[in-house]
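Visitor: For the sequence shown, our numbering gives the first residue as 1, with consecutive numbering after it.
These aren't lab readings, by the way, just hints derived from the structure by calculation. Be a bit skeptical, because a hint or two may be false.
[Claimed, not checked] Simulated restraints on C-beta separations:
(1) 217 to 101: 24 to 34 Å
(2) 100 to 207: 36 to 46 Å
(3) 210 to 184: 33 to 43 Å
(4) 70 to 124: 17 to 27 Å
(5) 193 to 140: 23 to 33 Å
(6) 224 to 193: 18 to 28 Å
(7) 101 to 223: 44 to 54 Å
(8) 30 to 221: 33 to 43 Å
(9) 100 to 193: 10 to 20 Å
All values reported here derive from a predicted model rather than from experimental measurement. Each residue gets a CB set at the ideal place from its N, CA and C atoms; glycine is no exception.
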Amino acid sequence: MQRVLRAALLISACFAACHAPEHAAPLMEASVKPGINKDFLDPKLEVAAYEERFEGESREIFAQRARVAALVGVREGMAVADVGAGTGLFTRMFAPKVGAGGRVYAVDIARQFVEHVERDCNERHMDNVTGVVCTERSVELPKASVDLVFVCDTYHHFEYPRQTMASIREALKPGGELIVVDFIRIEGQSREWILDHVRAGQDVVTQEIESAGFAKVRDEDAAFLRENYVMRFKRD
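I would like the entire structure built from these sequences, with the hints used as guidance.
Guide: Right, dumping it as structure tokens:
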């Protein structure tokens, strides 16, 4: 009897594995780049140092922030998640656009960043911003809670991309959109820092996101950016 039961359980497990959706996250995903977020998990992280780094004119994304935000297409009444919000650059830009009837979730793995963004937005009377401390495997947003997820120079920090993308898909409403901005990584062309820091190029990123249950809508026309691409996806 025990042999029959074990056999039945084995067959059931094999059937479940074979018929699991392609975009289902594994129960235990291996890190794709161990330690990539250690600086952001440091309890001694100093926000001021990152403000200077993230919000300086030498950073391409900051210098072109208005054009990047315009590409995203945030509208009044939308619920938007700024995943990897950092010091709050785009959270502050999106909040007025979604208006009083919308909401912006400032999501980051660094608690200090989230607390800073919440405090900064409160001082600016942006009452439609909610801070969310995420984990290495989940964005920690409620199911079907947002219309759009914006991930800027952060996808390459997803240490467990399949699980993180599964959580993003769950957080999006049906038909919701995902905007990914990240570094162009091409051997022999990209800067050494990008080659060392960014684990994958645009093709690999696209494949990973599509396998998580997203359909690519288009590459946005971002010719004004030299080192970054912008891609738009839709939740299936």
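Visitor: Does the Cβ pair residue 217, residue 101 satisfy 24 to 34 Å?
Guide: holds (25 Å)
Visitor: State, for the Cβ atoms of residue 224 and residue 193, whether the hinted interval 18 to 28 Å holds or is violated.
Guide: With Cβ atoms ~21 Å apart, the hint holds.
Visitor: For the pair residue 100 and residue 207, does the Cβ-Cβ distance stay inside 36 to 46 Å?
Guide: Once the Cβ atoms are compared, 39 Å apart, the range 36 to 46 Å for residue 207 and residue 100 holds.
Visitor: Taking the Cβ atom of residue 210 and the Cβ atom of residue 184, is their distance within the range 33 to 43 Å?
Guide: With a Cβ separation near 19 Å, residue 210 and residue 184 fall outside 33 to 43 Å, so the hint is violated.
Visitor: For residue 30 and residue 221, compare the CB-CB distance with the range 33 to 43 Å and indicate the outcome.
Guide: holds (36 Å)
Visitor: Does the Cβ-Cβ separation between residue 101 and residue 223 fall within 44 to 54 Å?
Guide: violated (34 Å)
Visitor: Could one say that the CB atoms of residue 70 and residue 124 fall in the range 17 to 27 Å?
Guide: Check passed, 21 Å falls within 17 to 27 Å.
Visitor: Starting from the hint 23 to 33 Å, judge whether the C-beta atoms of residue 193 and residue 140 obey it.
Guide: holds (30 Å)
Visitor: Residue 100 and residue 193, beta-carbon distance inside 10 to 20 Å?
Guide: violated (41 Å)
Hint compliance for this structure: hints 3, 7, 9 are not met, and every other hint is.
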